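Chemist: The lines below spell out each chain.
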Amino acid sequence: MRALISTTTVGAGGSSSISFTSIPQGATDLVLVISGRCDLSGSMGSDVMLAFNGSTANFTHVRVYGNGTSPYSNVSGTGNNLGGITNAGNSTASTFSAITLTIPNYTASQNKTYSSDSIVENNATGFYSMMTAGSWASTAAITSITLTLEPGANWVQYSTASLYSFTKGSGGASVA
Amino acid sequence: MIKSMTRSSVLNRTDYRSMLAGNEAYSPSDFELISTTILGSAQASVTFDVSALASTYKHLQIRIAAQSTTTNDNVDMYFNNDTGTNYSWHSLYATGSAIGADYSVNRAGIPESPAVLASSYNTFTACVIDILDPFSTSKYKTSRTFNGRAVSAGYYVSLSSGNWRSTSAITSIKLQGRSNNINTGSRFSIYGLKG
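Line by line, the protein sequences are chains A and B. When you line the first sequence up against this note's numbering, it's residues 1 to 176, in that order. When you line the second sequence up against this note's numbering, it's residues 1 to 195, in that order.
Pulled out of the complex, with its shape left as it was, chain B reads as follows (with noise of 0.2 Å):
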């Protein structure tokens, strides 16, 4: 609501052309989040469904923190639901007092944030997933994995990767505690990047 106006306000003003009025016109990013889900209370996964992302994503990031509810556990991600041994899983990690690497072959799931910690640690997991062409029928499936904790109860940090043996493009990706429950609190956001 004007309440007042002086004469030299009107005069001395800037005209502008553009509704933009000396703006910078907006560019919505290419990386763009989805959604995201915090658990209220403790839950066994956490799923997206991505079945209608391939026409506007190329590739797919998910960001974890999360918290496993007693014992240190794993996060484990499958693919459309397929439980069997059509994934492989590398690793090449740091614990602060030794580097190494690892792996395993024809297993089930992927485990994507490894010795999650247990809640009595007050910490929560970093990882951040890459899946890249997640919607191509002409590829098997690739994730790239940072995660990690920095806690004197176990340092751990590592580069890891996955691989699903299916030319099926994905439709759900569910992430799931491999003993126990994933704790309160814990947060998982998935973002699509455009190619």
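Excised from the complex, chain A in its bound form (with noise of 0.2 Å):
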């Protein structure tokens, strides 16, 4: 069962970042939504950070994309908390990205991992198409998500980013 809980939305003058804080721990996983853009100049994209619980150290992740002529795939290449793209200044105006990022088990007493796939659209050839899984060596539960850009970025208005969770179900045989 898939349980909102809570929107974000960017107002006008935009903002450095989108935080989730005192995130419920009585789910199992939790999933973001994000249809995002940034003021970010002169380039189509901009990465989009991970933060958990305020830190952004003993991240590491995996990508392959696409650019609209070639395919890349990289690890840690672009900063290791990296956890998506999405569309900044020079992409078609008023376009803004599709991010879904699952985050299992995210109050388990174990090292986190997540993965994302992001869209980032725009009428010309170049465009930004990503899958990352990523890994967050804490056992620490996740309480807060933090999602910032590359430096000197803001999230533009009407930008969104809602929070989810799923809970397991219960019941079943456990099969061997």
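Quick caveat, the hints were computed from the structure, so don't treat them as lab data. Fair warning: this is a prediction, and the values are worked out from it, not measured in the lab. Quick reminder that beta carbons are idealized off the backbone N, C-alpha and C, glycines included. Be aware that a few hints might be false.
[To be verified] Listing some non-contacts, in silico: residues in chain A with all C-beta distances to chain B over 10 Å:
no., residue
1, Ser15
2, Asp39
3, Ser41
4, Ala51
5, Gly54
6, Asn58
7, Ser76
8, Thr102
9, Ser115
10, Ser135
[Claimed, not checked] Distance windows between CB atoms, simulated:
no., chain 1, residue 1, chain 2, residue 2, range
11, B, Gly40, A, Thr167, 34 to 40 Å
12, B, Val10, A, Ala140, 47 to 53 Å
13, B, Asp15, A, Thr60, 50 to 56 Å
[To be verified] According to the in silico footprint, chain B covers these stretches of chain A (three or more CB under 8 Å from chain B):
no., stretch
14, 2-14
15, 60-74
16, 94-100
17, 159-168
Two chains, two frames, some hints: make the complex.
Modeler: As structure tokens, then:
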């Protein structure tokens, strides 16, 4: 069952970050859904960086992405705490990214993993389509998530981020 | 109908002060199936009327399992019956032997399920489309799609995107076979996500 925790909509004037704090600890997984755009000039897209519980340390990731003409893949090649990619100032006006980021077992006393897929659409050759898998080497339960951008960039008005929780079901037989 | 009752079953009881009687409260999901169309006969397109959904849902998801009637084909998506060249499309794809990126701009419609297989392959191409903020009047509309199939006739998987350059709220979504009809048994489901 998917339950909405909260939605943040960026107002006039923009914001350097989007945060979710005091995340309820009673569910199993978290899913972030982001329709975002930033004001980074000279770029079609901006990386979206993650912080869990205020920390940007102990992250690593691998990604595969395409830019309209070629595919690429690398490991932690653009900052270890990469969560996705969003539309920036050089992309088609009024166009916002589509990002879904999943964090399973966010309260478990294990290192955390996450996966995401991101789309930066653009009415031109260039675009970004990216899948990312990452990890956060911390056994702490995740109680807050902060989304920031490349240095100097701000989320623009009408960007939205919704945080959902998934709760595992009960019952059912265990299968060896 | 009670046919018998023992004294002990009445005395050894559990009393509840809540109508839940020890059960968990039901909390409806914020991700809901709105409707499903399964084609009973081949037809050119499937259309979802979403004009009444804006007050309830923030995002939409469409799930497709589709097949073409004759030759391999595409299923294209149109919003609000706009057939003008007001769309763009990009794709990151792999075929098992190659990986690539593709695009098409200033085009009519968004190819949401490239190379839907013909019925002779007895396989339906899977496709999941997410449309974020479809009812916003401040944004152009962006879709994100996972689709693919795994048959020897042609392996294909892609993460693709589409954009409709209009700030109008989406009121209808049409999925149309590009050259052929969509075959019997093809399924189209639309879900709403609250936000």
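Chemist: If a hint holds in the structure, say so; if it does not, say that too.
Modeler: Here's how the hints hold up against the structure:
Chain B leaves A:Ser15 outside its interface by the beta-carbon criterion, the shortest separation being 16 Å against a cut-off of 10 Å. Distance check on A:Asp39: its Cβ is at least 15 Å (rounded) from any Cβ of chain B, clearing the 10 Å threshold; non-interface status holds. Interface exclusion of A:Ser41 from chain B stands, the closest Cβ pair being 20 Å apart, more than 10 Å. Remark: the non-interface label on A:Ala51 is consistent with the geometry, its nearest Cβ contact in chain B lying 22 Å away (cut-off 10 Å).
With a least beta-carbon separation of about 25 Å from chain B, A:Gly54 lies farther than 10 Å from that chain, consistent with its non-interface assignment. Annotated as non-interface, A:Asn58 keeps its C-beta farther than 10 Å from every C-beta of chain B; the closest such distance is 28 Å. Annotated as non-interface, A:Ser76 keeps its C-beta farther than 10 Å from every C-beta of chain B; the closest such distance is 20 Å. Residue placement check: A:Thr102 keeps its beta carbon more than 10 Å from all beta carbons of chain B (closest about 13 Å).
Listed as a non-interface residue, A:Ser115 keeps its Cβ farther than 10 Å from every Cβ of chain B; the least gap is roughly 12 Å. Distance check on A:Ser135: its Cβ is at least 21 Å (rounded) from any Cβ of chain B, clearing the 10 Å threshold; non-interface status holds. Between B:Gly40 and A:Thr167 the C-beta distance comes to about 37 Å, which sits within the given range of 34 to 40 Å. Here the CB-CB span from B:Val10 to A:Ala140 is close to 51 Å, well matched to the stated 47 to 53 Å.
Against the hinted window of 50 to 56 Å, the Cβ-Cβ separation of B:Asp15 and A:Thr60 comes to about 55 Å, which satisfies the hint. Requiring three or more residues with a Cβ within less than 8 Å of a Cβ of chain B, the coverage given for the stretch 2-14 of chain A holds, as 4 such residues are present. Residue count for the stretch 60-74 of chain A with a Cβ under 8 Å from a Cβ of chain B: 8. That meets the three needed, and the coverage hint holds. Look at the stretch 94-100 of chain A against chain B: 6 of its residues bring a Cβ nearer than 8 Å to a Cβ of that chain, three or more, so the hint holds.
Check result for the stretch 159-168 of chain A against chain B: holds, 3 residues qualifying (beta carbon to beta carbon below 8 Å, three or more required).
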